[in-house]
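The task is simple: from the sequences and hints, build the whole structure.
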Amino acid sequence: MRRVRHDTTRANAELQAALDLAASWYVALPSGSLTRKPASLTLFGQQAVAWRGRDGRPVLMPRACPHMGASLAHGKIVDGLLECPFHGWRFDSSGACAQIPGSDHIPAAAHRQPWPVVERYGYIWAWYGSAEPIFPLPGMTAFDAGPAWYRRFRFADTVMTSVRHVLEKTYDTGHLARLSGSRAGRPRLRILTPGEFAGDHGSPIPADAWLGAEVRLPRHPGTLTALTGLTGTGAGQVTLRVDGWPAGQRVSVLADGVPQYRMLLATTPVAPGRTVQHVATAVERTGRVRTEMAQLLMSRVTAAAAARRRRPGPESAHAVGDDGVRAFQRYYQSWVDRVVDADNSPARRAEAGASGTDGRRPRGAEGSAPV
Amino acid sequence: MTVAPRDRTVAAAGLQLAAGWYVALRSNALTAKPQTLQLFGTHSVAWRDGSGCAVITQRRGRRPNPGPADSPPDAPRLRSYPVVERYGYVWAWYGGTEPAYPLPRVPALDGDRKRYLTYRFSHTTEASPRRILENAFDFYHFMFLHGVKSRIPMDMTLLPDQRAAAENGPPIADGAWFGAQLTARGLYIPQPFRTFGFRTERSDVLVDSWPTGQRLTFLLDGEVVAKELLGVTPVRAGRTIMRGWTLVARTGRPFRDVLTYLGYRAQHRQGTLQDLVIYRHAAESGPVVPVKYDHGVLKFRKFYTGWAEHAARAETGSG
Numbered sequence: 001m002r003r004v005r006h007d008t009t010r011a012n013a014e015l016q017a018a019l020d021l022a023a024s025w026y027v028a029l030p031s032g033s034l035t036r037k038p039a040s041l042t043l044f045g046q047q048a049v050a051w052r053g054r055d056g057r058p059v060l061m062p063r064a065c066p067h068m069g070a071s072l073a074h075g076k077i078v079d080g081l082l083e084c085p086f087h088g089w090r091f092d093s094s095g096a097c098a099q100i101p102g103s104d105h106i107p108a109a110a111h112r113q114p115w116p117v118v119e120r121y122g123y124i125w126a127w128y129g130s131a132e133p134i135f136p137l138p139g140m141t142a143f144d145a146g147p148a149w150y151r152r153f154r155f156a157d158t159v160m161t162s163v164r165h166v167l168e169k170t171y172d173t174g175h176l177a178r179l180s181g182s183r184a185g186r187p188r189l190r191i192l193t194p195g196e197f198a199g200d201h202g203s204p205i206p207a208d209a210w211l212g213a214e215v216r217l218p219r220h221p222g223t224l225t226a227l228t229g230l231t232g233t234g235a236g237q238v239t240l241r242v243d244g245w246p247a248g249q250r251v252s253v254l255a256d257g258v259p260q261y262r263m264l265l266a267t268t269p270v271a272p273g274r275t276v277q278h279v280a281t282a283v284e285r286t287g288r289v290r291t292e293m294a295q296l297l298m299s300r301v302t303a304a305a306a307a308r309r310r311r312p313g314p315e316s317a318h319a320v321g322d323d324g325v326r327a328f329q330r331y332y333q334s335w336v337d338r339v340v341d342a343d344n345s346p347a348r349r350a351e352a353g354a355s356g357t358d359g360r361r362p363r364g365a366e367g368s369a370p371v
Numbered sequence: 001m002t003v004a005p006r007d008r009t010v011a012a013a014g015l016q017l018a019a020g021w022y023v024a025l026r027s028n029a030l031t032a033k034p035q036t037l038q039l040f041g042t043h044s045v046a047w048r049d050g051s052g053c054a055v056i057t058q059r060r061g062r063r064p065n066p067g068p069a070d071s072p073p074d075a076p077r078l079r080s081y082p083v084v085e086r087y088g089y090v091w092a093w094y095g096g097t098e099p100a101y102p103l104p105r106v107p108a109l110d111g112d113r114k115r116y117l118t119y120r121f122s123h124t125t126e127a128s129p130r131r132i133l134e135n136a137f138d139f140y141h142f143m144f145l146h147g148v149k150s151r152i153p154m155d156m157t158l159l160p161d162q163r164a165a166a167e168n169g170p171p172i173a174d175g176a177w178f179g180a181q182l183t184a185r186g187l188y189i190p191q192p193f194r195t196f197g198f199r200t201e202r203s204d205v206l207v208d209s210w211p212t213g214q215r216l217t218f219l220l221d222g223e224v225v226a227k228e229l230l231g232v233t234p235v236r237a238g239r240t241i242m243r244g245w246t247l248v249a250r251t252g253r254p255f256r257d258v259l260t261y262l263g264y265r266a267q268h269r270q271g272t273l274q275d276l277v278i279y280r281h282a283a284e285s286g287p288v289v290p291v292k293y294d295h296g297v298l299k300f301r302k303f304y305t306g307w308a309e310h311a312a313r314a315e316t317g318s319g
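For the protein sequence lines, the chains are Y and U, in the order given. All residue numbers for the first sequence refer to our numbering, where the first residue is 1 and numbers rise by one. All residue numbers for the second sequence refer to our numbering, where the first residue is 1 and numbers rise by one.
Just so you know, these hints were derived from the structure itself, not from any lab. Incorrect hints may have been included.
[What the hints assert, rightly or not] Covered, in the sense of this in silico footprint (three residues per stretch, anywhere, with C-beta under 8 Å from a C-beta of chain U), are these stretches of chain Y:
hint, region
1, 64 to 74
2, 105 to 111
3, 277 to 283
[Said to hold, decoys possible] Simulated coverage check for chain U against chain Y, where a stretch passes if three residues somewhere in it have a Cβ under 8 Å from a Cβ of chain Y:
hint, region
4, 138 to 148
5, 271 to 282
[Claimed, not checked] Calculated pairs, DSS-like style, for lysine-lysine (alpha carbon to alpha carbon, straight line, at most 30 Å):
hint, chain 1, residue 1, chain 2, residue 2
6, Y, Lys76, U, Lys292
7, U, Lys302, U, Lys292
8, U, Lys33, U, Lys149
9, U, Lys149, U, Lys292
10, Y, Lys76, Y, Lys37
11, Y, Lys76, U, Lys149
12, Y, Lys37, U, Lys302
Predicted model only: the values in this text are computed from it and were never measured. Note that the Cβ used here is the ideal one computed from N, Cα and C, for glycine as well.
Structure below.
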């Protein structure tokens with residue numbers, strides 16, 4: 001048994017290294033895909049089950065029942081508890097086993113440690129890297145406001161690369177130049193201090209979890225500037241204002257200082273080398289439907305192009321001569337380093353729970369973290 | 001034959017197989033023409049030699065020589081598995097060059113099969129052989145997963161002596177036997193069957209297992225209703241074929257026998273499909289949190305692990 005645990009711990013450490021993830025908030029799945037039935041998903045390289053507890057709040061925890069390893073995702077929800085299909089063990093939203101048919105004793109180790117989760121902006125977000133979130137999920141005004149104020153849409157693309165690679169592209173001026181369609185040189189990117197950031201995306205992200213930048217695309221005609229012509233703002237100066245947390249970004253796109261749209265870029269680390277990038281776009285309602293639709297189209301076109309260009313490759317090559325990428329990589333790595341070691345990963349904590357040792361949340365603790 | 005134990009051990013390491021007799025293929029699928037098959041996580045070649053006997057060798061390197069049957073392919077480079085052909089299957093021994101125990105007998109299949117209505121079954125699953133075999137000792141899942149209902153909940157007794165399961169057949173070699181009796185009182189029988197007089201006060205299942213297979217007898221009020229032989233084919237890690245025979249006893253009342261046969265076969269199929277769904281998505285490794293009713297599974301796992309260690313020693317030549 002000790003050898004099995006040692007092998008599991010080593011496998012977790014290897015998985016953690018291969019994922020190369022920062023401690024942060026990630027999209028687990030879209031809210032709409034979690035209904036009254038439990039859902040099976042692969043997240044952080046692990047098999048997981050998502051389900052809704054008695055109060056409708058989402059719960060995300062390892063998929064294997066601690067009893068005999070059956071998939072809890074193939075069970076059902078009974079009286080707000082997740083029931084295993086094999087022997088009927090039932091789990092509450094803290095991950096603790098609440099009922100075992102045929103047994104009046106519930107072992108203390110009958111527990112699956114949930115990931116901290118928050119449901120917001122149409123997504124269920126999961127915290128990775130420590131038992132409790134180090135910072136709250138960043139807010140975004142455009143997605144908190146009602147539909148009367150913004151037109152919104154969202155989409156997702158699966159890319160065969162890492163979260164780090166997906167997110168650093170925002171700071172890669174070569175990538176942005178190709179994306180904008182301009183052949184007249186690279187955009188100018190300036191890493192900002194929190195005091196310099198002029199955006200109004202939402203509540204400030206804690207300073208140590210924040211990285212912001214302003215990107216000015218060349219004035220010369222390109223795809224992106226041509227698209228702004230459709231919006232009625234003309235092919236002027238396109239500026240991106242970015243402020244992000246380690247696993248996501250809030251972006252405003254402006255043309256000649258006029259806001260075009262806002263984007264929320266987030267990521268789902270499925271497994272090493274496999275990431276889903278989620279883009280949610282919001283365009284402020286102005287009463288000019290044609291302009292708003294053109295702005296939405298513009299955001300979709302550019303995001304799709306960005307997804308196509310986020311191909312796996314020699315990731316370190318992007319840092320050469322690119323201060324923005326280097327700044328992002330330093331920042332990202334500092335949050336990779338804040339991930340507690342594999343022995344404290346959710347899988348390990350579940351194992352620790354199964355072995356009867358400490359390392360799990362107390363029964364009755366909330367599965368969702370306050371934001 | 002040349003022995004290459006290291007190669008076999010490496011390939012089968014992920015399977016953690018117990019030493020024992022495994023179904024390699026159906027007898028009627030084997031001809032004089034060599035055919036390749038995947039077994040124990042490696043590629044093998046099977047054929048009938050000049051005297052019609054089954055031969056299974058591990059394939060290494062080149063494809064088998066498609067020559068005449070009496071000139072085995074690449075003989076110097078291959079090793080053979082000990083083989084027995086019985087009950088319509090070719091059984092291969094895994095765990096060293098010499099079998100540690102003979103393939104257990106199933107008298108119902110050896111004798112006059114006209115006493116039974118029979119069918120074969122075969123299902124492919126992601127589960128390991130151990131998970132498939134331990135299922136018979138997980139009596140609680142019969143009630144929850146398969147919905148078996150009875151006035152007094154089913155219980156299971158691990159048998160201390162093979163004589164208690166003598167209905168299944170002659171004794172299995174010492175140390176290679178693991179047996180249990182599952183009992184339910186007041187078993188619920190669906191209405192259509194009750195209409196035809198099916199009633200029972202006590203129902204029993206006698207399971208006796210060797211490390212890689214099982215023979216079972218189902219009794220209602222002490223009368224044999226059906227028997228089963230379960231064997232497994234470990235194709236590779238994550239792919240196992242579970243197969244064997246079911247024999248439903250004839251009583252001399254043809255209409256009742258057909259009803260019993262159809263009812264038994266339907267519940268067997270439905271139960272197997274439910275198990276297969278569990279197997280498909282279950283985690284094979286990781287810690288287990290047992291409760292009191294898991295004693296049979298845990299003891300079977302210990303029994304199985306002992307024979308897996310035997311196989312590992314035998315395959316590396318140290319045992």
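List, from low to high, the hint numbers that the structure doesn't satisfy. 3, 8 and 12
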